[in-house]
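Here's the letter readout for the chains.
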Amino acid sequence: MADSGPGAAEAPPLGRETLARIRRSKQLYPWASSAILPSLWAVQEELGYLTPAALLAVAEELGLEPSEVEAVATFYSMYFRHRAGEHLIQVCRNVSCGLRGADELLRHLERALGVEDGGTTEDGAFTLEGTVECLGACGGAPMMQVDRISYENLDAAAADAVLEQVRSGAPRGRRSRARA
Amino acid sequence: MAAVEAPGELLRVTIDDRQVEVAPGSLVWDACEKAGVYVPVYCAHKKLEPVAVCRMCLVEIEGMPKLQPACATRVSQGMQIRTATDQVRDFRRGNLEFLLLNHPLDCPVCDRGGECDLQDFTQRYGPGRTRSAITDKVHFDKAVRLSDRILLDQERCILCWRCVRYYEEVTGEREIVLQERGVHTLVDTFEHRELQSEFQGNLPEICPVGALTHAQYRFRARPWDLRRTASVCPKCSYGCNIFIDAREEQIARFASNDNPDVDDSWLCDRGRYSFPELNRTERVLNPEARLGGGRQPVAHSEALARAAGALLRVRGDHGAGAVGFLCSPQVTNEEGFLLQWLARQVVGSPHLDHRLEPLPELSPEQFRLGIAELEERDAVVVLGDAPERSAPVLTLRLFKTETKRRRRVLRVPLGTPAASLLEPLQGCRSVGVVAHQEQRSEAVALSRSLAGAGLSSSVLTLVEGMNARGCQDLGVSPAVLPGYQPAAEPGMHGRAILEAAAAGSIKALVLLSPDPEWERDPAFEAALSEVEALIVVTPWLGLASRQATVLFPGRTVAEKAGTVTSTEGRVQRVRTALQPRFPFPPDLRVLGELGGALGTPLGVQPLAGPVFSLIAEAVPPYRGTQGGLRADWGAPA
Numbered sequence: 018m019a020d021s022g023p024g025a026a027e028a029p030p031l032g033r034e035t036l037a038r039i040r041r042s043k044q045l046y047p048w049a050s051s052a053i054l055p056s057l058w059a060v061q062e063e064l065g066y067l068t069p070a071a072l073l074a075v076a077e078e079l080g081l082e083p084s085e086v087e088a089v090a091t092f093y094s095m096y097f098r099h100r101a102g103e104h105l106i107q108v109c110r111n112v113s114c115g116l117r118g119a120d121e122l123l124r125h126l127e128r129a130l131g132v133e134d135g136g137t138t139e140d141g142a143f144t145l146e147g148t149v150e151c152l153g154a155c156g157g158a159p160m161m162q163v164d165r166i167s168y169e170n171l172d173a174a175a176a177d178a179v180l181e182q183v184r185s186g187a188p189r190g191r192r193s194r195a196r197a
Numbered sequence: 003m004a005a006v007e008a009p010g011e012l013l014r015v016t017i018d019d020r021q022v023e024v025a026p027g028s029l030v031w032d033a034c035e036k037a038g039v040y041v042p043v044y045c046a047h048k049k050l051e052p053v054a055v056c057r058m059c060l061v062e063i064e065g066m067p068k069l070q071p072a073c074a075t076r077v078s079q080g081m082q083i084r085t086a087t088d089q090v091r092d093f094r095r096g097n098l099e100f101l102l103l104n105h106p107l108d109c110p111v112c113d114r115g116g117e118c119d120l121q122d123f124t125q126r127y128g129p130g131r132t133r134s135a136i137t138d139k140v141h142f143d144k145a146v147r148l149s150d151r152i153l154l155d156q157e158r159c160i161l162c163w164r165c166v167r168y169y170e171e172v173t174g175e176r177e178i179v180l181q182e183r184g185v186h187t188l189v190d191t192f193e194h195r196e197l198q199s200e201f202q203g204n205l206p207e208i209c210p211v212g213a214l215t216h217a218q219y220r221f222r223a224r225p226w227d228l229r230r231t232a233s234v235c236p237k238c239s240y241g242c243n244i245f246i247d248a249r250e251e252q253i254a255r256f257a258s259n260d261n262p263d264v265d266d267s268w269l270c271d272r273g274r275y276s277f278p279e280l281n282r283t284e285r286v287l288n289p290e291a292r293l294g295g296g297r298q299p300v301a302h303s304e305a306l307a308r309a310a311g312a313l314l315r316v317r318g319d320h321g322a323g324a325v326g327f328l329c330s331p332q333v334t335n336e337e338g339f340l341l342q343w344l345a346r347q348v349v350g351s352p353h354l355d356h357r358l359e360p361l362p363e364l365s366p367e368q369f370r371l372g373i374a375e376l377e378e379r380d381a382v383v384v385l386g387d388a389p390e391r392s393a394p395v396l397t398l399r400l401f402k403t404e405t406k407r408r409r410r411v412l413r414v415p416l417g418t419p420a421a422s423l424l425e426p427l428q429g430c431r432s433v434g435v436v437a438h439q440e441q442r443s444e445a446v447a448l449s450r451s452l453a454g455a456g457l458s459s460s461v462l463t464l465v466e467g468m469n470a471r472g473c474q475d476l477g478v479s480p481a482v483l484p485g486y487q488p489a490a491e492p493g494m495h496g497r498a499i500l501e502a503a504a505a506g507s508i509k510a511l512v513l514l515s516p517d518p519e520w521e522r523d524p525a526f527e528a529a530l531s532e533v534e535a536l537i538v539v540t541p542w543l544g545l546a547s548r549q550a551t552v553l554f555p556g557r558t559v560a561e562k563a564g565t566v567t568s569t570e571g572r573v574q575r576v577r578t579a580l581q582p583r584f585p586f587p588p589d590l591r592v593l594g595e596l597g598g599a600l601g602t603p604l605g606v607q608p609l610a611g612p613v614f615s616l617i618a619e620a621v622p623p624y625r626g627t628q629g630g631l632r633a634d635w636g637a638p639a
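So the protein sequences, as listed, match chains A and B. Using the working numbering, read the first sequence as starting at 18 and increasing by one per residue. Using the working numbering, read the second sequence as starting at 3 and increasing by one per residue.
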């Protein structure tokens with residue numbers, strides 16, 4: 018369930034830029050409910066995850082019931098309702114990756130990071146997501162994405178090398194733009 | 003489900019070798035029903051649009067490669083439908099196995115056990131056992147309090163969307179949604195907020211399983227322990243049809259009893275959850291009379307004799323005008339009619355009312371429009387500040403009129419001139435005006451003006467109290483006789499009677515089912531302490547029962563038989579759902595026998611049927627209506 022602790026309830030209201038994007042999205046569609054997805058992306062880019070207060074704000078901007086916005090926010094796994102780590106690791110577990118060792122890869126990452134699937138490391142550096150559907154790189158299975166950059170043909174050593182590279186902050190190619 | 007309006011050519015379809023003809027636009031589900039072939043459904047509901055998510059109703063249709071949902075497939079000419087093939091049977095078994103995969107199987111402690119579609123269909127179509135280990139089930143929260151009225155068991159839910167669609171389509175409030183996805187999907191409110199709707203009580207009824215249950219009914223009864231009686235909701239004048247489900251002479255719940263012309267199968271929470279007051283056991287249990295210093299239990303016949311003696315004494319000493327008669331609008335038509343007979347014919351007093359405040363200018367013109375007719379008007383004008391507050395289920399009819407039927411619904415404040423409505427009503431030929439009874443004269447005036455502008459217009463007035471309409475139709479009021487004939491010599495209205503009693507000009511009062519609310523009124527208290535003779539028929543202990551010189555144990559609306567008239571003029575039966583705790587005659591017989599004891603025999607048995615015949619004689623529009631028809635008061639003047 019969504020984080021409903023006191024901190025979440027007092028989350029800051031949405032920034033001006035985010036509100037402007039929500040209003041622009043609303044004008045793009047005949048029904049306000051169509052603007053829920055782009056609005057939630059805008060919120061997630063600003064806050065990093067979707068707080069209950071933010072869902073309320075989106076509902077208000079779009080003139081919808083908050084329950085409708087929450088229904089959409091909870092349906093899609095790529096929206097976060099908890100604060101995520103600085104880097105997001107997503108391990109594909111669909112058929113091709115599954116046949117080529119995705120389960121072993123995930124178990125190795127769990128050990129290496131000291132977290133379970135879905136958890137965030139204590140230092141807040143990584144969030145590990147191991148229940149991700151196909152990320153479109155079957156030819157390089159097994160694969161994972163870190164902050165939406167794909168790494169393919171992974172084994173334990175290759176995965177460790179990726180973690181090391183990310184930790185070191187070395188440049189890792191172009192960061193893929195989030196959808197707006 | 004919604005067949006198209008224009009009948010057109012009927013479509014001939016075959017279902018399991020039975021042939022039926024149905025209107026174009028009918029669903030396969032409708033055709034199956036017409037053919038008498040039962041098709042199990044979870045998500046489909048007669049009052050909701052199809053979604054075809056539960057897959058329970060899949061059937062074979064010749065020429066279609068896969069099974070089709072009966073609830074969402076329209077029939078076509080010559081369609082061949084099969085519901086009893088091996089393929090359908092296998093599919094149903096498989097579907098139920100999926101539905102039961104994560105179901106907790108806690109039927110023994112589930113309120114729905116015994117009237118659960120999941121239980122019933124599993125018995126009829128399902129597999130006898132599961133192939134997955136019971137320890138592998140996905141668990142959700144149980145007994146989540148959605149409000150003080152509704153509990154949600156998320157693991158019993160089969161995700162049929164009925165509650166979600168109910169909120170979308172019927173109330174428009176969208177309080178419940180589906181959250182998460184796949185095996186984790188559950189129904190919930192935003193951030194677990196408490197439900198606010200006035201119509202939550204319909205949720206457990208549309209839920210096909212035990213996911214949504216009434217807090218009030220929790221662990222109260224099993225359906226096979228209940229005795230079901232069709233009656234009318236007593237909480238307001240709208241006339242919603244209900245079932246009174248009773249166990250061991252206690253009401254366990256009110257359930258809806260779909261009348262498409264009235265409630266459309268929805269009840270409001272105020273009505274549905276109102277029954278505990280009818281279960282109260284602190285009651286008047288014996289006839290009593292004041293003898294010498296105190297009051298004592300007496301035989302029914304002696305109570306009658308004493309009541310008659312007291313009334314004759316007052317009439318002899320002070321004239322018939324010294325006797326006043328008051329009832330609440332909770333009385334039946336038969337009781338109200340006999341009360342006015344007792345006042346006017348037997349005692350000869352014009353002082354008679356069914357409420358305290360005056361209600362001048364009564365006429366059937368205030369009531370020409372029927373509830374279901376609202377949907378057929380091009381536009382509905384709702385006059386004044388939310389008149390539907392006094393008949394909440396009207397809210398849902400107006401919402402349906404506006405959304406599903408796409409009619410114009412205009413909410414206008416009092417004093418709106420008809421001329422200013424002509425523009426928003428442009429293109430409309432017929433219009434209905436809805437108003438609370440306090441605004442009925444203004445509603446009639448507005449309707450007349452609209453009629454003057456060429457529109458067909460009529461009024462639906464909402465009266466206060468279960469049978470206030472019947473009391474008005476049957477002349478239980480000071481200025482009109484039965485059938486709205488003006489009284490030659492109008493009597494005093496309710497409050498004037500009380501004030502006259504306190505001032506000493508009314509010496510005797512007859513109270514039939516007095517409204518317990520009146521006891522908070524100083525005028526009521528003053529009147530009761532001043533009158534010489536106080537004859538009271540009431541179920542309830544209180545000021546009236548304490549002060550009575552002669553007291554008869556009355557019956558609650560759940561304990562008597564008769565008819566009541568709803569605000570739109572529909573004459574509907576109330577039936578005896580509970581046996582009273584005492585062996586004494588019902589209110590109607592008390593009234594009839596009191597007439598006899600005063601020297602004017604009633605002439606018929608004091609039972610609901612014979613008395614209704616007297617009503618039909620005196621008020622011709624009531625002829626033949628007691629099966630639930632609207633009394634026809636003729637064309638507009």
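If you're looking for bench data, these hints aren't it; they were derived computationally from the structure. From a predicted model like this one, the values you see are computed outputs, not experimental measurements. One should not assume that every hint holds.
A few chain A residues facing chain B, derived, Cβ under 7 Å [to be verified]:
id, residue
1, P69
2, P83
3, E87
4, A88
5, T91
6, F92
7, H99
8, D120
Beta carbons: idealized from backbone N, C-alpha and C, even for Gly.
Outcome of the hint check:
no.: 1; hint: P69; result: holds, 5 Å
no.: 2; hint: P83; result: holds, 4 Å
no.: 3; hint: E87; result: holds, 5 Å
no.: 4; hint: A88; result: holds, 4 Å
no.: 5; hint: T91; result: holds, 4 Å
no.: 6; hint: F92; result: holds, 5 Å
no.: 7; hint: H99; result: violated, 14 Å
no.: 8; hint: D120; result: violated, 19 Å
This entry does not satisfy hints 7, 8, going by the numbered hints stated previously.
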